Each structure stands twice: as C-alpha cells, then as structure tokens.
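Engineer: Residue-level listing of the chains:
Protein chains: 2
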Amino acid sequence: MPLKRIADSTVRRLSLYLRFLEEFENAGLTTVSSDELAARGGTTSAQVRKDLSFFGSFGKRGLGYQVAELTQSMRRILGLERDWRVIIVGIGKIGSALAQYEGFQQRGFRVVGLYDSDPAKIGREVYNLPVLPIEAIAEDNRERPVDIAVIAVPASAAQRVVDQVVAAGITGIMSFAPIQLHVPADVTLNTVNMAMELERLSFALSNRE
Amino acid sequence: MPLKRIADSTVRRLSLYLRFLEEFENAGLTTVSSDELAARGGTTSAQVRKDLSFFGSFGKRGLGYQVAELTQSMRRILGLERDWRVIIVGIGKIGSALAQYEGFQQRGFRVVGLYDSDPAKIGREVYNLPVLPIEAIAEDNRERPVDIAVIAVPASAAQRVVDQVVAAGITGIMSFAPIQLHVPADVTLNTVNMAMELERLSFALSNRE
DNA sequence: GGGGGCTTGTGAATTCATTCACAAGATAGG
DNA sequence: CCTATCTTGTGAATGAATTCACAAGCCCCC
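Protein chains in written order, with the working numbering: chain A, 1 to 209; chain B, 1001 to 1209.
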C-alpha cells in the first residue's frame, strides 16, 4: 500500500494515534478531527493529515474521522490485524518480565516459546511456558514458524544468539541487548537500547540552559 | 557548549560512537578514523565528522582521532563524567529488572531508591535496597536530591505517579509506561514505549516488498 | 625540506520532513 | 436550494538533516 518509503517518525506517530483512538473509542466518541488527535499527541493537525495521507483518505471533509473506522485502518496499516508468533530468547530478569507483559498479548503478539542457554533455567516453567534450550529453536521453527524473536540476553551473547535465530529462519528480531547487532538484509531488526536512552536523558539534563 | 540545538538523531549516534570507542579501546587501538567509526555504526564518515563538529574539533587531519581522548570527550558531552542519582518507581517485573541492571550502574546511573504503592511490596529488600512508599519520595528528595526518576508502573497509574515525582521536585524522568505523559516544560522526560516498538516492527514486517 | 598520501573539518548542495495555506467537499439551517 | 461553517487532503514553501566535495592540515619518507 505505501507508495514511497514511510519515515520512521511517521510510523511512530501512527502508533501513537492508534493509542489515542482507542482511548477516544473507550470514551464513547464516534468522531474525531485531526486537530483533536494532534492536540492529544503534541503535534499539529497538518502533521496528522499528512501522516494519514501516505496511506489513503480516511476522513470526511467538514466532519473529521469516524473513530471506529480510523482505528481499524490504523491497525491494518500497522499490521496488527493478525497475530504474531513471538519467542523470547534469554529468560533473565528482562526476558521474564517481557514474557508476562500483557501489553504484548493484547496487541496480538503471542508469546509461544521461551529459550535460554542456562541448564539451570531449562525445563522451568515461566508463566505457563517451559524454558527450552536455544538449540531447539531451529527445529521448533521448522515445525511451527515463528514471526518474531525477542532477544533479551547479555550483550556478550547477543550477536551469537541473533546468528542462531537467523540461521533458524526467523526474520523478525526485537533486541533489548545494549549493542549494535548485525543481520542479513532480509531480516528486520529493531533494537531498544536502554543504556542509550539513559544517555540521551543524561545529555538532555546536562544541556538545559 | 552546543551552539545550536542538537538533533536527537545526533545524540543517539554519539551514544553509539561512545560504545564503539570503548570497544576499540578494549581492543587496544589508540587511533581511529571517522571512516572506521562509520563502518562500525552503519553510517558515513561525513556523518560522523558532522556530528562531532557540533561540539568542537577532536581529530588530527591525516591521522584520525585518539581513541582515549575522543572517548573522554564523548563522555563529557553526554554528561557521563558525573554520577546520576536515580530512583525507580514501580517495583514490578520491569522495575526490579531495571533495579539490578548492571548497564545502568556501569555508566554512573546509581540506583539510590526504590518506591512502590503496593503495601505488600513496601519494606521488602530488592538487591540491597528497601522498597519505600511513593509518598516518601518528596521528603527523601529534599534530604538528598535525586536526578532521575525511572517510572515503571502500569499505564493507568503512570500520569499520577509522574505528577507526584514532579511535585517532589525531580526534573529528570525516564518512563517505561506505554502512554503519552505530560510534564511541565522544566522537566525533561524520555519515554521508552515497548508496545510502540513492537508495532514498529509489526509495520516493518508487514510492509517488506 | 619538499612532495605524496591521508584524513579532518566545513561550506554548499541535496535530500528528506514538517508546516503553511487553500481549494474541495461535506453538513446544517434557513 | 443557497449560504455559512467546518475540516479534510494536498501542492507549495519552508526548515532540518544528510551527503558531497574539497581546502586545510598533518605525517612520513626520500
């Protein structure tokens, strides 16, 4: 559907809009204007309309957008109308926090497998799922393909684990490891680096007038 | 030091460069070129030089940069030469994972307090720190000021908790709550929204050619 | 000490993103 | 049916970030 490449900043905002639309929907509103969406998200109405315009025409002039309809369009655009099969690799503190995080399940990210390399952890149950050895990923993925692997292992192991995940044929990766990872071009990688986020905050705090 | 406003993308890259420089330093390299830094970070040498040029002149023409010297400059620019006093509010799965995350301590982010509103959690020790009631933040901050509050409470409580933290006089906030928070202009807020990050991945996976 | 080979630092050019501004619809009310 | 009032969708204008391209500086070696 998107004719040209969509900017990352646009996708982030779409995600925000979806959140606001869900709020509006829960509040019982049936109609919303670009101005109201913009106010809620700290941006401008022109920005909202431009963002949407990359994907089509969703509103009625003079009237605004139907909340339910736009919500559904956002979901479709973001690829949230389907379920995603997710595995978590690295069942430490962060991994197990993610395993039980309801925000994921709610949006259709189904955690279907937990993996670790530590023999002490393998076999344990975490939130109704057994922890399996990392070596099992390849075969498990053959039997029942996985869409996304969440990487929550220490920095020192992350690239090796990513290589294994890629070799197993998984092409979507979400990493929480605080390092720069390398993947082939046909694999989509998204990294959340908390250390970097704190450094950004540190910079901002250090440079306030 | 920065003459004009520095782009967020620039700060993110500085953070990356610092990480690479530390790798190079550990590997025993004493000198590095903008080309080598760029290759490591998936950017261009011109980008590296432009990023650095906002803050001064750090290299020698024909030779490159002294690794140790540039590392230190990056630390200074990012505000990492000092320690930051950090509290964590919300000692659930994510909060306690963050409390023990070594990546934070390593870069001078000292966790000095844990707070929660759940009476069942208050009083417990988590990694050598007692969990205190949220109401205590204001007085604790008066006695010994805190630089950064990490917010790891559920979405439904996040804005209220942020208001309390702001009222207590803390002006740096790092939030992991999956909602848009509002703070006064003199408070610096940085949000990591994991749900949004997964949606970004979902979008990317849905729109591969 | 002068020439050749590197690599930085930086204006200029280009590309990308946001904002402006307004015509084109849409509704409602007389 | 016509007018007044909204609000969208979108080219054009502006503004921001990245890339280009090259002069300036530094080192080494002959």
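No lab work stands behind these hints: they were computed from the structure. Treat the hints loosely; a few may be bogus.
To be verified - What follows is a list of derived Cβ distance ranges for each label pair:
1. A/R124 with B/A1027: 36 to 42 angstroms
2. B/P1119 with A/Y127: 42 to 48 angstroms
3. A/G42 with B/R1124: 17 to 23 angstroms
4. B/E1139 with A/R208: 42 to 48 angstroms
Said to hold, decoys possible - Quick partial rundown of chain A residues pointing at chain B, CB under 10 angstroms, derived from the structure:
5. I6
6. I122
7. I179
If you're wondering where the values come from, they're calculated on a predicted model, not measured in any experiment. Note that the Cβ used here is the ideal one computed from N, Cα and C, for glycine as well.
Engineer: Against this structure, judge whether each hint is valid.
Structural biologist: Now for the hints, and whether the structure bears them out:
no.	hint	in the structure
1	A/R124 with B/A1027: 36 to 42 angstroms	37 angstroms, holds
2	B/P1119 with A/Y127: 42 to 48 angstroms	24 angstroms, violated
3	A/G42 with B/R1124: 17 to 23 angstroms	37 angstroms, violated
4	B/E1139 with A/R208: 42 to 48 angstroms	25 angstroms, violated
5	I6	8 angstroms, holds
6	I122	20 angstroms, violated
7	I179	7 angstroms, holds
This entry does not satisfy hints 2, 3, 4 and 6, going by the numbered hints stated previously.
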